[in-house]
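Dock chain B against the given chain A, drawing on the hints supplied.
Keeping their order, the protein sequence lines are chains A and B.
Heads up, the first sequence is in the numbering used here, so the first residue is 1374 and it goes up one at a time.
Heads up, the second sequence is in the numbering used here, so the first residue is 1374 and it goes up one at a time.
Simulated from the structure, these hints should not be mistaken for laboratory data.
Heads up, a few of these hints could be off.
When chains are identical, the list treats them as one kind, so a pair holds in a single copy or across two.
[Claimed, not checked] Calculated lysine-lysine pairs in the DSS-like style (CA-CA distance at most 25 Å, straight line):
hint	residue 1	residue 2
1	K1774	K1562
2	K1708	K1461
3	K1693	K1660
4	K1771	K1680
5	K1580	K1774
6	K1503	K1461
7	K1503	K1771
8	K1464	K1708
9	K1742	K1693
10	K1771	K1562
11	K1771	K1580
12	K1771	K1742
13	K1386	K1660
14	K1680	K1774
Number of protein chains: 2
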Amino acid sequence: MTYSYVSHLYCPKCENIYSTKEVNQLCECGSPLLVSYKINELKEAFKREDLVGRAPDLWRYHELLPVEDPQYVATLGEGMTPMLYMNKIGKQMGIPNLFMKDEGLIPSGSFKSRGAAVGVSKAKELGVGKLAMPTNGNAGAAWSLYCAQADINSTIVMPTDAPEITRKECVAAGADLYLVDGLIGDAGKIVGQAVNDYNLYDASTLKEPYRIEGKKTMGLEIAEQFNWEVPDVILYPTGGGVGLIGIDKAFHELQELGWIDEGKMPRLVAVQSEGCAPIVKAWEEGKSSADPWEDASTVAFGINVAKALGDFLILDAIRKTNGCAISVSDDDILKELSIVAATEGAFVCPEGAAAFVAARKLREQNWIKHDERVVVLNTGAGIKYPNTIEVDVPILQKGEKL
Amino acid sequence: MTYSYVSHLYCPKCENIYSTKEVNQLCECGSPLLVSYKINELKEAFKREDLVGRAPDLWRYHELLPVEDPQYVATLGEGMTPMLYMNKIGKQMGIPNLFMKDEGLIPSGSFKSRGAAVGVSKAKELGVGKLAMPTNGNAGAAWSLYCAQADINSTIVMPTDAPEITRKECVAAGADLYLVDGLIGDAGKIVGQAVNDYNLYDASTLKEPYRIEGKKTMGLEIAEQFNWEVPDVILYPTGGGVGLIGIDKAFHELQELGWIDEGKMPRLVAVQSEGCAPIVKAWEEGKSSADPWEDASTVAFGINVAKALGDFLILDAIRKTNGCAISVSDDDILKELSIVAATEGAFVCPEGAAAFVAARKLREQNWIKHDERVVVLNTGAGIKYPNTIEVDVPILQKGEKL
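Next comes chain A alone, as it looks inside the complex (with noise of 0.2 Å):
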């Protein structure tokens, strides 16, 4: 009757141990913490098997995730997206087993809500009153809708760049909304600072440990999906990264509990666009962590995050993988997604479609092989984004013909 198995949070980098009792941000040394769960007893008393029959939604696997009491639950039908076989597309591309997971079809249209339930309840459970943070406008949205139904007071701040739609989301929901002159990163500083001024709960991405327990849950269904057998490929469009480093804890756990075979793990790409690729540039020099990009500027506004906090984990499983980086280009990615909509009435998101441009790109290198399975990670509905179509059509009057 134990709805989670959360143990502690522990820091990758020095290997601190905290509780998960009470609220915790960064490590003492300034790293990202993780959650950890009592994988032994877990191993007993959950089984694969446990899940036939239960709702499809992300909190199916509450067993391992972190929030310890169901009433502090924020849900709003989220998780276990489609996975779509893209059966014509992938034909095209000469990727005969190209699937789509399409993030699309969540709360707020966007896969930033996975992070904001699980971590805004968590956050509930904890006590959090206030919360503020920065971000590049979906998941402001999605962290601002789930605070209204956990009571939840929050400020956001984004970029005036940011989709439009992601502002209205915001005011809806009753978050305090600002909007800065600037990039991200500027959202940031004004977000760390009001947070010692105020004396909020920063959930800022990697800031708190549990958006990406959210995001793990995108791995878990992967699996799930493909009746525990993991893809070869998973392509993933990498701003923050919460989510690759997520999907790689996901089967790392699922490993341990014995769900999916220890011997392979997909190779996880991180997909970058070229107006803001610092993964892909630390990737290709060999470094651990990647330096600021200058001057970030790209159409998948979701991934122009010019320095992502948790840079060394990303790089850490995509060389654990055997994966790689790559950055594809803004026009590229327009092409991508009216090809994408119009071969398979899919209508992504640009950070998607960038994706579908990596594996384009990765099959002509033969990087990716014709006979594997590969995933593509569609972070987001294309409704969101209506500036990627132009239209310019007749407008007719009553009783015209065509």
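Relative to chain A, chain B alone:
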């Protein structure tokens, strides 16, 4: 191993019978046609338990859907949308058992994808190569996208006032899109002419019999999500009314199968806007069909339908279930939309907000009783309607303080 137990088409007015093996549109009497299944065979072959372990999309009910060969299924993962417990707003309204079925979590962010998935798949099975339809936006977007996947050419005509994002979706999908300076009825006339001139499949609301089968799955899911005990009241924002007719049809089929109790049908409520309430007027006047509404106009554009072809079916379903029809004001819709977002964190569409207003009013009138289980259908994602929320927030410069 039979995928579908579809039997034939029948006319609910004159009882004529038609085949599902060839293209049929309206009955020769002008009425929409409905799909009939081999219920007796199904009773033997299909049990509620068969659903356990099936993927959480609407194709889990394939036996009760009209597509006979799964190779024709066009899918983007639609269906099994969340049934959310609206704890806080329910208490506020005096309906502690208030639920929302959130059709925002579906491809293209609107429940129209259900009808499109099944309608397009069946059209493909019937050999259709080109279709046309008028739309208030969302249906056209959904049909365009599924047609792209099915390699069917689509011609879409929508009012210039339709939500702007839906134009983008049609264009992204490669549809032939036309705007008309008028209402959906004017778009319908243009499509009618084009259907004749160019010999197109007419995918207008209820002019093909299969869209309703897709919408029907909302009723199947509601029953399954409540563990085969139907709720007391379902509130449905009503334009063309296909969803309401479909939900009613679903419950009748489930009764025939013996999956739900014959004794109880949910009371179905058709919710309209005061600016376009032909069904409400007919209902109040005790008529069995509705007169066209003059100068139709509402912020809930999806239900801005002055004359519904299935009006007699809607009114019949309301009457037989002891339901009702009710109209609400645009002011109340926009207020409720903000209340729902700020209270529950759910950013609903204006049509969904209308149904919440109706629940509130019907509770005040004691038509809904305190202990009743009530389901509001939110037919789409709020993110498709940015204009419902006004944003006026501070813009900070880099380094500024909150």
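Are the CA atoms of K1693 and K1660 at most 25 Å apart within a copy, between copies, both, or neither? Close inside one copy (14 Å), not across copies (71 Å); limit 25 Å.
State whether the alpha carbon distance between K1771 and K1680 is at most 25 Å within one copy, between copies, both, or neither. between (54 Å within a copy, 17 Å between copies)
Same-copy or cross-copy closeness of K1503 to K1461 [CA-CA at most 25 Å]: Result: close only across copies, 19 Å inter versus 47 Å intra.
Within a copy, between copies, both or neither: which one fits K1386 and K1660 at a CA-CA cutoff of 25 Å? Classified as within: same-chain Cα gap 16 Å, cross-chain 74 Å, threshold 25 Å.
Checking K1680 and K1774: alpha-carbon separation at most 25 Å within a copy, between copies, both or neither? between (55 Å within a copy, 22 Å between copies)
Given a CA cutoff of 25 Å, do K1774 and K1562 count as a within-copy pair, a between-copy pair, both, or neither? Between copies only: 9 Å across chains, 58 Å inside a chain, cut-off 25 Å.
Intra- versus inter-copy proximity for K1771 and K1503 (alpha-carbon distance at most 25 Å): Answer is between: at 23 Å across copies they meet the 25 Å cutoff, but 54 Å inside does not.
Up to 25 Å between alpha-carbons, please classify K1708 paired with K1461: within, between, both or neither. The answer is within: 16 Å in one copy meets 25 Å, while 44 Å across copies does not.
Which holds for K1771 with K1742 at a C-alpha limit of 25 Å: within a copy, between copies, both or neither? neither (54 Å within a copy, 46 Å between copies)
With identical chains treated as interchangeable, where does the CA-CA distance between K1580 and K1774 reach 25 Å or less: within a copy, between copies, both, or neither? Between copies only: 20 Å across chains, 59 Å inside a chain, cut-off 25 Å.
Using 25 Å as the alpha-carbon threshold, which applies to K1771 and K1562: within, between, both, or neither? For K1771 and K1562, the Cα distance is within 25 Å only across copies (8 Å; inside one copy 55 Å).
Under a CA distance limit of 25 Å, which applies to K1464 and K1708: within one copy, between copies, both, or neither? within (18 Å within a copy, 49 Å between copies)
The earlier numbered hint that this structure contradicts is number 12, and it is the only one.
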